[in-house]
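Position in the sequence shown counted from 1, then plus 702, gives you our numbering.
Everything labelled a hint here was simulated from the structure, so no lab data went into it.
In this text the structure is predicted, and so the values were computed from the model without any measurement.
Take these hints with a grain of salt, some might be off.
Unchecked claim - Once the Cα atoms are required to be at most 20 Å apart in a straight line, the calculated SDA-like pairs of lysine to any residue come out as:
no. : residue 1 : residue 2
1   : Lys778    : Ser764
2   : Lys712    : Arg791
3   : Lys863    : Lys875
4   : Lys1074   : Gln935
5   : Lys863    : Gln731
6   : Lys1210   : Arg965
7   : Lys743    : Leu761
8   : Lys1014   : Thr961
9   : Lys1097   : Gly1153
10  : Lys1210   : Glu1114
11  : Lys967    : Val1077
12  : Lys777    : Asn750
13  : Lys746    : Pro819
14  : Lys933    : Pro819
15  : Lys1076   : Gly1153
16  : Lys778    : Lys860
17  : Lys786    : Phe845
18  : Lys737    : Gly871
19  : Lys1137   : Lys1210
20  : Lys753    : Leu767
21  : Lys864    : Glu882
22  : Lys778    : Thr794
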Amino acid sequence: MMSMIKISIKPFGKKWNPQNEVTIFFLFQDLELPKVEADLKEVKEALNLAKEEGFQGDLYSSVTLPLPNKSSLGKKVIFMGLGKREGARSLTFREAVGRMITSLRGKNSGLWMVLPPGEPYGETSSRMAQMATEGILLGSYRFEKYMDPEALKKWHAKLPKKVILYGPGGDTKGYNEGIERGKIFSEATIFVRDLVNEGASVVTPAYLADVAKKISSQAQNINVTIFDEKKLQRMNFGGIYGVGRGSKNPPRFIRLTYTPPRRVKKRIALVGKGVTFDTGGVNIKPTSGIETMKEDMSGAGAVLGIFSALTKLKPDLQIVGLIPAAENMVDGNSYKPGDILTTYSGKTIEVINTDAEGRLLLADALGYCVKKEKVDEIIDMATLTGASILALGKKYTAAFFTDSKLQDMILEAGKKAGERIWPLPLELDYMKDLKSEFASIKNAPVSRFGGTIHGALFLYHFLEGKKIPWAHLDIAPSAWSREYVGHITYGGTGTMVRTLLEYFLSIK
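Work out the full structure, taking the sequences as your base and the hints as a guide.
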């Protein structure tokens, strides 16, 4: 759940009154102080003490100094480094704020957080307030449902009850808009984190369908349709049904639609892989590869998180959300290597590996999308390939695009959101590796090389040659974190939610 920290703004020139609280300064390596209303002599003295402690403004370095009673800076001051002013990235400011929130010690009734200028980041005051808000709320997130009560109590005790952002310029309206947008973006991201972090015995395909229904019930302009296992079988959704038939929790296909209150500028389809638990099937995963496989519905979670925010942000877009959901379990009824599955599009798939199951679900969803939905763009999100982790590590999302404008806009949105995206080539020459002697295509090549590209090519096959701009976001590297790093916390990350919300709001 999202923390209850209250965030507000005081532009420079308004009354400076930290009282019993803590003042935080974010400084670049030039250590240039902002012109705050506090006693600048006292600030400079504190900074000189920080320098004596070795503080030089290096990225993420910090020093905490206790202050005498009745200090204009409160009971203590913290300086945190932002690195070089030249080439500053918004990602690092969010992370710095997140690191600051999680590094606090002792009880803190409130913080005065002095915002750095937006110019080095190429950002407005509104955007700086949004980034700070996201850093605070995402950095203070924990999946609290099952936490030890004593540990939870200690965690809440160290978090501030309020944060006052103190920023340059008098744009109070812009600052407040940024804070509100940051809250909406954070809430949607945390919505996904809670879904991903919950156990797979709770989050089944039917559970995801219930979450979609709840989102719809709370919004007049979001509708939902659920296809159960009988309808999936009757309508020849062979990929979804084939993967899900080995589980006692039957598969679902979830369709959501958001319609804006104003004129529709564009229709976009969001497709999210919803494997609620992945054992690997008959090609079962090893112990080291199975323990976090509740995360395999992160793409579906991202779609639901985005839909939870749409009625608050009100983009002038019609958005269709498609979620194929299934458990990939081992059972006497499980699908097997060598099986041939017939998908919704009529294309057939030879199963080479049952652990390449997510693409089978997406084959049906994409086939349905190009046949039934009249959309201008398709964006899919999936924890699709382990190969993408080998290629990019655990911080990046691998991306494939069929349209340069869509690519540029999503990459720019990723920069604004502070989410790393790396485009890879959709090398059509590799398609021959997926050629099957018995079916339209096989779900995995014999070769282990180029696995991320092969996964994308498999999905591309089910676009049926339609010239619809398409983005495939392989979030396998970025969907789960094994550490706390600023605004990224252990477990599900809610990756790509903020990027796509930024993208939607950028469409003019």
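Are there hints from earlier that the structure breaks, and if so, what are their numbers? 2, 3, 5, 7, 14, 15, 17, 19 and 22
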